[in-house]
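Each protein sequence line maps, in turn, to chains R and D.
So in UniProt numbering, spot 197 of the first sequence is number 197, and the numbers just go up one at a time.
So in UniProt numbering, spot 250 of the second sequence is number 250, and the numbers just go up one at a time.
These are computed hints drawn from the structure, not numbers from a lab.
Note that beta-carbon positions come from the ideal geometry of N, C-alpha and C, so glycine has one too.
Wrong hints could be hidden among the right ones.
[Unchecked claim] DEER-style ranges, computed between Cβ atoms:
| no. | chain 1 | residue 1 | chain 2 | residue 2 | range |
| --- | --- | --- | --- | --- | --- |
| 1 | D | 56 | R | 88 | 16 to 22 Å |
| 2 | R | 260 | D | 302 | 53 to 59 Å |
| 3 | D | 127 | R | 23 | 56 to 62 Å |
| 4 | D | 165 | R | 23 | 40 to 46 Å |
| 5 | R | 88 | D | 79 | 55 to 61 Å |
| 6 | R | 88 | D | 181 | 23 to 29 Å |
| 7 | R | 138 | D | 165 | 56 to 62 Å |
| 8 | R | 6 | D | 139 | 49 to 55 Å |
| 9 | D | 305 | R | 163 | 44 to 50 Å |
[Stated by the list, open to error] To give a feel for the contact side, a few chain R residues facing chain D, derived at Cβ under 10 Å:
| no. | residue |
| --- | --- |
| 10 | 12 |
| 11 | 165 |
| 12 | 167 |
| 13 | 177 |
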Amino acid sequence: MKTSIRNVYLLPYVVWIGIFVVAPILLIVYYSFFDIEGKWTLSNYKMFFTPIYLKMAASSVWYALLVTFFSLLIAYPAAYALTKTKHKQLWLLFLILPTWVNLLLKVYAFLGIFGTYGLANAILAAVGIGPKQILFTDFSFVFVSVYIFIPFMLLPIFNALEELNPSLVDAARDLGASAWTTFRRVVFPLTLDGVKAGCQAVFIPSLSLFMITRLIAGNRVITLGTAIEEHFLVTQNWGMGSTIAVFLIIAMAAVVAVTGNRKRG
Amino acid sequence: MEKEAIIRFERVTKIYDGQVVLDDISFDIERGKFYTLLGPSGCGKTTILRLIAGFTEPTEGTIYFHGKPVNHIPANKRQVNTVFQDYALFPHLNVFENVAFGLRIKKKKQAEIREKVMEALRFVNLEGYENRSVQEMSGGQRQRVAIARAIVNEPEVLLLDEPLSALDLKLRTEMQYELRELQRRLGITFIFVTHDQEEALAMSDQIFVLNKGKIQQSGTPKEIYDEPVNRFVADFIGESNILRGVMLKDYLVEFAGKRFMCVDKGFRPNEPVDVVIRPEDLQITTRAQGKLQVRVDSQLFRGVHYELCCYDEDGNEWLVHSTKKAEVGEEIGLYFDPEAIHVMRISEEDGEKIDEN
């Protein structure tokens with residue numbers, strides 16, 4: 001009786017998931033077995049294992065790793081510093097604030113900043129380095145992506161640090177640990193769950209980036225995300241686009257499986 | 001045993017956010033004794049512990065270790081270890097690794113670590129638990145792990161921050177015996193923080209009674225109990241009847257509208273004083289034989305004795321612990337020896353209400 005009531009409550013969610021998550025995934029898998037003419041085929045999968053697509057996949061993973069790495073590098077110390085400040089909720093709000101601005105707006109803003117006559121080049125010129133090509137480089141792509149993703153890395157790490165019992169830090173110090181050792185042996189291991197959650201939240205979406213890639217990196221960076229966009233919107237090869245999408249889904253599932261085995265403490 | 005002060009506080013003041021937590025405190029801690037810092041919450045006892053451990057620095061004054069000032073020496077460079085109130089065991093490490101933590105930091109050899117950890121676990125009766133997760137241990141067991149983790153480093157001073165407060169009564173009493181025994185076996189100095197006066201009386205060599213950032217009294221449990229220096233101490237340590245009185249001359253005190261012989265002297269003639277009589281020093285007798293005549297207002301059976309609440313004609317409340325039973329509403333007499341009366345000077349603090357515990 002009780003379980004049936006609970007099932008009723010679950011129904012809207014199940015319907016939602018069914019229509020907007022499960023069905024599209026099945027459709028993608030279905031389409032991945034058809035070629036551009038609409039004939040059933042395995043050629044898309046064969047195609048994926050050719051050097052062009054493998055290289056693309058490798059570069060997607062590489063850029064996603066770079067973005068995740070730099071986000072973590074910046075977000076962890078920031079979150080740590082944040083927990084030590086007096087008005088941490090306010091500071092946290094300031095750091096989260098950029099997520100309230102539309103993604104496209106932010107990316108366009110960077111087009112202005114990094115452009116030939118933009119702020120960045122003006123500063124470079126002023127210090128005598130002279131104007132450089134910033135836009136459409138690996139650097140600008142990673143920079144903007146990191147900027148976009150930092151809040152998603154910061155929040156789970158901040159929460160993990162907040163949950164950390166401060167007397168554990170005292171205990172480590174009491175037992176002779178320096179500040180660095182305390183961090184390495186107590187603080188970091190105990191906030192690893194937050195780090196994992198943050199890495200997932202950054203790595204997975206950055207695997208399939210296409211808008212930032214297009215706008216900031218131009219043709220310099222070609223990832224699986226841009227390839228899917230290309231196949232669906234330009235060459236109209238839905239089959240190949242779906243095949244790439246299938247591999248992305250597999251890659252994401254793998255990431256979740258590897259980082260997701262959380263033990264609750 | 002040499003009378004060397006391991007730790008000395010010299011006029012130490014600590015101010016947190018403009019609030020004086022410790023007010024000009026000085027004391028010495030000697031080697032090999034069991035000290036207790038006793039007081040109500042917010043009296044500054046935990047702050048003293050944190051100052052000794054090195055988690056915080058004094059605002060004014062100096063702390064000495066073996067005669068050397070250590071104000072700016074961080075916690076990890078001090079020869080003291082702490083047992084925390086919530087034990088602060090590392091949840092990602094098992095029992096063995098928790099205890100080994102300090103030794104690993106000192107880069108001891110694996111074999112030595114193993115030997116010392118096992119010895120420490122044996123010391124606290126936790127043999128065979130080394131591979132357990134600390135999460136799956138009971139409160140009492142965690143407590144022991146916390147103690148083992150501290151003593152394995154062979155500190156000169158062990159700091160214990162209300163370590164028994166989270167345990168149930170029976171376990172707490174058991175741990176009191178164990179801690180006292182442990183201190184004797186190790187021979188190191190224990191500084192124990194508690195708000196539980198019974199715990200303090202039972203375990204300590206020396207008690208510091210603290211209130212409002214000041215040491216009210218220091219002494220052996222017996223001194224503190226029998227000769228409290230002021231109303232606060234008398235009230236905080238055990239139950240007592242405290243009355244205003246006048247010291248007419250040496251050995252003669254007046255309170256509750258009557259004059260009594262006592263054993264106290266050295267007061268000014270007619271000096272106003274506080275008078276303490278412990279409830280167990282009052283004996284029930286007939287009205288005629290009693291030094292005080294009271295009416296029984298209520299009675300509770302406390303196991304080892306009855307606790308009677310009585311009032312005299314002036315409306316003073318008298319708490320009596322007696323093995324004899326009385327009837328509620330009965331008029332009885334209370335008898336006591338001159339030695340039962342303890343006369344105290346009225347300190348400046350006593351102008352205020354004493355109801356903060």
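A quick look at each hint next to the structure:
1. D:56 x R:88: 16 to 22 Å: holds, 21 Å
2. R:260 x D:302: 53 to 59 Å: 58 Å Cβ-Cβ, so the 53 to 59 Å window holds.
3. D:127 x R:23: 56 to 62 Å: holds, 59 Å
4. D:165 x R:23: 40 to 46 Å: Violated - the Cβ-Cβ distance for residue 165 of chain D and residue 23 of chain R, about 57 Å, lies outside 40 to 46 Å.
5. R:88 x D:79: 55 to 61 Å: violated, 35 Å
6. R:88 x D:181: 23 to 29 Å: With Cβ atoms ~45 Å apart, the hint is violated.
7. R:138 x D:165: 56 to 62 Å: Given a distance of about 58 Å, which is inside 56 to 62 Å, the answer is holds.
8. R:6 x D:139: 49 to 55 Å: Because 35 Å falls outside the window, the suggested range is violated.
9. D:305 x R:163: 44 to 50 Å: holds, 48 Å
10. 12: Violated - the Cβ of residue 12 of chain R stays beyond 10 Å from chain D, reaching only about 37 Å at its closest.
11. 165: With a minimum Cβ separation of about 7 Å from chain D (threshold 10 Å), the hint on residue 165 of chain R holds.
12. 167: holds, 4 Å
13. 177: Hint on residue 177 of chain R: holds, closest Cβ of chain D at ~5 Å, below 10 Å.
Hint check: violations occur at hints 4, 5, 6, 8, 10; the rest are consistent with the structure.
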